[in-house]
Every structure is written in C-alpha cells, then in structure tokens.
Amino acid sequence: MTPVLTELTVGDIVAEASFALTRDSLVRYAGASGDFNSIHYRDDVAQSVGLSGVLAHGMLTMGLAVQPVVDWAGDPARVLDYQVRFTRPVFVDATDGATVAVVARVGAVDLEALIARIDLTVTFNGATVLGKAQARVNLA
Amino acid sequence: MNPELQGRVFPPVAPYLVGREKVREFSRAVFASNPINLDPEAARAAGHADVVAPPTFAVVVQEATLAQLLAEPDGGIDFTRVVHGDQRFSYSRPIVAGDELTATLAVTSIKSLGGHSMVTAESTIIDAAGAHVVTAISTLVVRGDE
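These protein sequence lines are chains S and W, in that order.
If you read the first sequence in the numbering used here, its first letter stands for residue 18, the second for the next number, and so on.
If you read the second sequence in the numbering used here, its first letter stands for residue 615, the second for the next number, and so on.
If you're looking for bench data, these hints aren't it; they were derived computationally from the structure.
The C-beta atom is built at its ideal place from N, Cα and C for all residues, glycine as well.
Check before you lean on any hint, since a few could be wrong.
[Claimed, not checked] With the C-beta cut set under 8 Å, the calculated list includes, among others, these residues of chain S facing chain W:
{"no.": "1", "residue": "Asp88"}
{"no.": "2", "residue": "Ala94"}
{"no.": "3", "residue": "Phe103"}
{"no.": "4", "residue": "Gly124"}
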C-alpha cells in the first residue's frame, strides 16, 4: 500500500531501521560499486592517511540509509531525488563491525506536486554521519 | 585546483549497459530487500520493464565521469587529497535493467574555503533515446596542504 500524502504530518516517523555492517559488507559494496579504494578494506592504508582504521564507503551509508524509505514507499521508483552531505566517517571494526541507525521523518508535504520530503537522521556511535539527508518521494 | 575548470563540459563517456544481475548485486550490497529491486516478476507486476535499480545506483554510471575530471591534465586535482563532500541524485525516471545510459560531466562550481577547494561536478545521464534519466551531482573537497 502506498502511503497517503494527506495522512502525513511533518515530524512523523515513517520508518526506522538499523544496519549491522561488517568488513564483509564493505568488500561486497566495493565489488558491486567498483569503488576499490583500499581505505575501505585495509587498516594500514587507512592509518597512513590519518584515519583510525577502515571506514565504510560514504556511498554505502547513503545507499542503505534510503532503504527504509523505499520500503515505506513500496517501490524504489518513487524516490525522485535523494541527497546527503557526508559529515563523519563510519569506522567498521574488524571483529565488532559497526551499527548504523536510520530514522526517517516527514520533512515537508507538497500536496500539489504529490511529493513528500523525507528527512533522514543517520547515526553511528550516537553521532550523526550524514547531514541534510533528504529524499523526495512521489506519492501520486 | 585550476579555477578555469568551472563551466567545463567533458565529452560523453562510453554508454553503460545496465545488467539485471548488476542491479541485483548492487541492491544486495546496499541492503535493499524490496522485491522490485531483485525479482523481475515483482518489478513487472509493479509496471516496470525489469528490476529497478536502488536510488544510489547512478553512482556506478557516474564513476567514469569523475575519473575524467580527476585525470584532466590541467585540472590540478590531487586525488589522494579528495574527500566526498555531498552527493545528490535527481531522477526523471528510475534506472531499470536493460537501460543503455550515457553520462556527460560538467563542472558547475569551483570554490575555495579556508585552504580547501570544493568542486561541484554534475553528470547528466540520458538513455539510448536521448531522454534524461538522472543527474548525479557530487561535491568533492580537495584538502589543502597541511
């Protein structure tokens, strides 16, 4: 069932999810996306550029963060526009991994265009890792 | 970074053919579980020609254009200092398996901020019929000398 635009109120939480990332997730994303930057799988390389260790691809965090919105909307084709700012790295420990939490709230409702703007709060270790994370969703 | 990059439009990169298994592989990698991303029957039942790519899939098509930018001889961009600042995708229609997509890069903005430079690169992605599919916009931050 497609969500009904007129039933949405700004601030409503429409979806929540958390994602358990491991080093395996990063290798999988590297292969699927073609981004083989070794800071995403080698601690020594990450440390050589001043990072504490391997971090998730920003595009992986961006990619998974919109999935609760896709499931809420019912069809990935409903996401018309999606933007984020990368503000903090998600470090993925070799044994403990990392957990990324996503809360999706209604940011704005456009009753003429039949579009909802969904704002995402994406956190790792209690701090937000994406800024201005917004998806515009067609609910026509 | 060369400020004269601003406004530069690059030649289109070679067409990218969107494969069904690539869409499924990418979908699994971004934790997409929607059947429309994974199952051609579910996608067709929802009115799509084949599986629909996740919203961030366009980065795979955009990548070759960013490689052009970083390789530009007079660009002066040291890729070891590049950090991804912002990313946006604006769709006219979703990407579906079977699409043949062509991306063209334009540098829309160059800014300096406290020793760092920021370049905004816009990749316009069209289908085989020439119709707009998605524009992928990246802002890259090039860190200055420490």
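- Message: Please list, smallest to largest, the hint numbers that this structure does not respect.
- Response: 4
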